[in-house]
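Undergrad: What follows is the residue order along each chain.
Number of protein chains: 2
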Amino acid sequence: MSALTQPSVQPSQQVSPMFFFENMNAYQKTAALVAAIELDVFTRLVEARSSSERTAAALAQQTGAHEKGVRILCDFLTVHGLMVKHNAASPVAWYEPTPDTGFFLDRRSPAALVHAPKFLAPPPMHELVKELVGAVRKGGTVTEEPTHENDPRWVDFARGMAPFTGASARPMAELVNSGGPQKILDIAASHGMFGIACLKANPQAQVVALDGAAVLQVGEENARKLGVADRWRKLAGDAFTVDYGTGYDAVLVTNFLHHFEPSVNEQFLRKVHAALKPGGKAVVLEFAPNDDRISPAIPASFAMIMLTATEKGDAYTYRQLSAMLENSGFRGIERHDPPTPQTIILGTK
Amino acid sequence: MSALTQPSVQPSQQVSPMFFFENMNAYQKTAALVAAIELDVFTRLVEARSSSERTAAALAQQTGAHEKGVRILCDFLTVHGLMVKHNAASPVAWYEPTPDTGFFLDRRSPAALVHAPKFLAPPPMHELVKELVGAVRKGGTVTEEPTHENDPRWVDFARGMAPFTGASARPMAELVNSGGPQKILDIAASHGMFGIACLKANPQAQVVALDGAAVLQVGEENARKLGVADRWRKLAGDAFTVDYGTGYDAVLVTNFLHHFEPSVNEQFLRKVHAALKPGGKAVVLEFAPNDDRISPAIPASFAMIMLTATEKGDAYTYRQLSAMLENSGFRGIERHDPPTPQTIILGTK
Numbered sequence: 231m232s233a234l235t236q237p238s239v240q241p242s243q244q245v246s247p248m249f250f251f252e253n254m255n256a257y258q259k260t261a262a263l264v265a266a267i268e269l270d271v272f273t274r275l276v277e278a279r280s281s282s283e284r285t286a287a288a289l290a291q292q293t294g295a296h297e298k299g300v301r302i303l304c305d306f307l308t309v310h311g312l313m314v315k316h317n318a319a320s321p322v323a324w325y326e327p328t329p330d331t332g333f334f335l336d337r338r339s340p341a342a343l344v345h346a347p348k349f350l351a352p353p354p355m356h357e358l359v360k361e362l363v364g365a366v367r368k369g370g371t372v373t374e375e376p377t378h379e380n381d382p383r384w385v386d387f388a389r390g391m392a393p394f395t396g397a398s399a400r401p402m403a404e405l406v407n408s409g410g411p412q413k414i415l416d417i418a419a420s421h422g423m424f425g426i427a428c429l430k431a432n433p434q435a436q437v438v439a440l441d442g443a444a445v446l447q448v449g450e451e452n453a454r455k456l457g458v459a460d461r462w463r464k465l466a467g468d469a470f471t472v473d474y475g476t477g478y479d480a481v482l483v484t485n486f487l488h489h490f491e492p493s494v495n496e497q498f499l500r501k502v503h504a505a506l507k508p509g510g511k512a513v514v515l516e517f518a519p520n521d522d523r524i525s526p527a528i529p530a531s532f533a534m535i536m537l538t539a540t541e542k543g544d545a546y547t548y549r550q551l552s553a554m555l556e557n558s559g560f561r562g563i564e565r566h567d568p569p570t571p572q573t574i575i576l577g578t579k
Numbered sequence: 231m232s233a234l235t236q237p238s239v240q241p242s243q244q245v246s247p248m249f250f251f252e253n254m255n256a257y258q259k260t261a262a263l264v265a266a267i268e269l270d271v272f273t274r275l276v277e278a279r280s281s282s283e284r285t286a287a288a289l290a291q292q293t294g295a296h297e298k299g300v301r302i303l304c305d306f307l308t309v310h311g312l313m314v315k316h317n318a319a320s321p322v323a324w325y326e327p328t329p330d331t332g333f334f335l336d337r338r339s340p341a342a343l344v345h346a347p348k349f350l351a352p353p354p355m356h357e358l359v360k361e362l363v364g365a366v367r368k369g370g371t372v373t374e375e376p377t378h379e380n381d382p383r384w385v386d387f388a389r390g391m392a393p394f395t396g397a398s399a400r401p402m403a404e405l406v407n408s409g410g411p412q413k414i415l416d417i418a419a420s421h422g423m424f425g426i427a428c429l430k431a432n433p434q435a436q437v438v439a440l441d442g443a444a445v446l447q448v449g450e451e452n453a454r455k456l457g458v459a460d461r462w463r464k465l466a467g468d469a470f471t472v473d474y475g476t477g478y479d480a481v482l483v484t485n486f487l488h489h490f491e492p493s494v495n496e497q498f499l500r501k502v503h504a505a506l507k508p509g510g511k512a513v514v515l516e517f518a519p520n521d522d523r524i525s526p527a528i529p530a531s532f533a534m535i536m537l538t539a540t541e542k543g544d545a546y547t548y549r550q551l552s553a554m555l556e557n558s559g560f561r562g563i564e565r566h567d568p569p570t571p572q573t574i575i576l577g578t579k
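Chains as they are written, first to last, in the numbering used here: chain A, 231 to 579; chain B, 231 to 579.
Simulated from the structure, these hints should not be mistaken for laboratory data.
Check each hint, because a few of them may be wrong.
It does not matter which identical chain is meant; a pair holds if it fits inside one copy or across any two.
Stated by the list, open to error - Simulated pairs of lysine to any residue, SDA-like, Cα-Cα distance not exceeding 20 Å: (1) Lys360 x Leu350; (2) Lys464 x Ser552; (3) Lys455 x Asp386; (4) Lys579 x Gly332; (5) Lys455 x Ala431; (6) Lys455 x Arg337; (7) Lys507 x Lys579; (8) Lys298 x Gly364; (9) Lys579 x Asp381; (10) Lys360 x Ser558; (11) Lys348 x Thr540; (12) Lys348 x Asn485; (13) Lys501 x Gly475; (14) Lys360 x Asn255; (15) Lys413 x Thr476; (16) Lys348 x Asp270; (17) Lys348 x Glu252.
For reference, chain A alone in the conformation it holds in the complex (with noise of 0.2 Å):
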């Protein structure tokens, strides 16, 4: 449920948006799907004859694709029930197909399907397909990404995703909360509502508000709508090279180091280290799967976003994201849940 939400339209039981994420990526399971007849990937685990020909090094040797691009394919296949990942949590997952995929979806056997995407697939869905084959051979996007702070995609993403927000910026505004005079920077800010959640919960508290200009009028209109525009400020530029400032109590770096790889993340994580006061906190937002990489099914398939839309983002597990941030000089990381997909990781400084 939104924060935006007031109460006159709040709901009269329980409800949760998980539904719109369900239905909303459900294409991706198609397009994972014909990608995976298409790279042959379901042959060639047929007819391996080792657990050790059945990774995802080994199949991207067999394929001619990138590693990390197979090994994100197989987890969301895994996910949607198509393979099984065995000693998942390893770095020697390997994967094998179920009774009906290794059938129906071995390319050398008379029952094969793997002509049948022709007939059923429309069109535009072949230009999806085509997007992730391209995407799991390189181990990355193979359209252009929206790396711009100002592209106008990110108002788009401004735009639509606040009522997502709600359920995950509460419990975080109440983590950061001092309950006395605090100093907030919201990284990659968007439509402002994890750090006007902040600004809610702690009267005494200031935000400022990192990201595009375009995309900040977006903020600012929710700043306002909610009452708290007098105590939050914009700050208009490149996370990557902007002046912070010093002296803040909390960093929000909400849904941003999924778009990265981890030595870049670490650089943007210093750079947070140094704006923080002694004792200040780096308050991280993520999809984070578990180290199998194939639970929870919503943080897992996300993963496959990543692929097909960053050069080099993914969904990192807790541990991943813990050493990022004790490389960049954080300690006492602490996890904590919120009642959706996503996690809330704290480093102090």
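We have chain A; now place chain B onto it with these hints.
TA: This is chain B only, laid out in the frame that chain A set:
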């Protein structure tokens, strides 16, 4: 499992291609969700004051769409858990949002997720949504339908879909088998697998396979591979206009009636009736949902494919199909349910 499958590649356990339908068509869930948001179906349902304002006819009027289009969209959303259908098998069936969809998809709510698809759906999905919105408005496809029997898409169909046929074709062949000499007409024969199954079941049967000339080459290959080419003969032409000849013991009408409106089907079935011997049988294979049109999931969802791909087609219920047969002169209508999502319906001359 395919009738093409040789014993050496029989699976070691029971397998099913149902995973393929579910994942292949998963993109429709994305398209249906976004189309319903664009047409504001959920908003209209929330603000409606009585069940009579929540019928497909009432919604069609409120949204400026076609009743058939709205009915198929809402049935699909019901199958996939985004709506509830009341009095489902009656002519005054009406729809209700679930608590989740009523709360998050009512455009008037500050929590409305109605702007999220702009960011979340990739451009090719927007194209699919546009086609679906157009089809719901019009009550039929807004793209060009492959009506001609020589359209290359029917060759893709013949090459891609043969492996799906086995589990329906074998029980059909047993129903058709008279144990003696038989003359069988296989209309819209495509890959030829239904007629071929009859030839395998009865060594005294002869099949005339009707379809476009290019498509029949695929059927001919299959007849040869399966060792029945000497009893399998081609008849190239349009099922509505070509001369069938007369004196058939059985006429196979598989996956054909769903492309057309009932009146066209009845005219066609009268032609089938004329080609049969007295006592001969029309053998219809269809995706036939129950009268509620929301179960079973696969035949009920098939209506969505017909809405977006054909001018006037639909997934017809057993009740509708038996009425078409009776109106065309058939009697003794019988229903058989093979272990597949399809239904076999027999009518006797």
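Undergrad: Reference check for the pair Lys464 and Ser552, CA-CA at most 20 Å: within, between, both, or neither?
TA: For Lys464 and Ser552, the Cα distance exceeds 20 Å both inside one copy (29 Å) and across copies (68 Å).
Undergrad: When Cα atoms must be at most 20 Å apart, do Lys348 and Thr540 count as within-copy, between-copy, both, or neither?
TA: Answer is between: at 18 Å across copies they meet the 20 Å cutoff, but 27 Å inside does not.
Undergrad: From the Cα coordinates, with 20 Å as the cut-off, is the pair Lys360 and Asn255 best called within, between, both, or neither?
TA: Both: 17 Å inside a copy, 17 Å across copies.
Undergrad: If the cutoff is 20 Å on CA atoms, where do Lys298 and Gly364 land: within, between, both or neither? Let me know, please.
TA: Answer is within: at 12 Å inside a copy they meet the 20 Å cutoff, but 39 Å across does not.
Undergrad: Please work out whether the CA atoms of Lys348 and Asn485 approach to 20 Å or closer within one copy, between two copies, in both situations, or in neither?
TA: Classified as between; 18 Å across copies, 36 Å inside a copy.
Undergrad: At most 20 Å between CA atoms: does that hold for Lys348 and Asp270 within a copy, between copies, both, or neither?
TA: within (15 Å within a copy, 33 Å between copies)
Undergrad: Check Lys455 against Ala431 for me: Cα-Cα at most 20 Å, and say if that holds within a copy, between copies, both or neither.
TA: within (16 Å within a copy, 73 Å between copies)
Undergrad: With identical chains, the pair Lys360 and Ser558 could be close in the same copy or across copies; at 20 Å between alpha carbons, which is it: within, between, both, or neither?
TA: Classified as neither; 38 Å inside a copy, 47 Å across copies.
Undergrad: At most 20 Å between CA atoms: does that hold for Lys507 and Lys579 within a copy, between copies, both, or neither?
TA: For Lys507 and Lys579, only the intra-copy Cα distance (7 Å) is at most 20 Å; the inter-copy one is 89 Å.
Undergrad: Regarding Lys348 and Glu252, is the shortest C-alpha distance of 20 Å or less found within a copy, between copies, in both, or in neither?
TA: between (25 Å within a copy, 16 Å between copies)
Undergrad: I want to check one pair: Lys501 and Gly475. Are their C-alpha atoms no more than 20 Å apart within a copy, between two copies, both, or neither?
TA: For Lys501 and Gly475, only the intra-copy Cα distance (10 Å) is at most 20 Å; the inter-copy one is 83 Å.
Undergrad: Is it within, between, both or neither when you check Lys455 against Arg337 at 20 Å Cα-Cα?
TA: between (57 Å within a copy, 18 Å between copies)
Of the numbered hints stated above, those contradicted by the structure are hints 2, 4, 9, 10, listed in ascending order.
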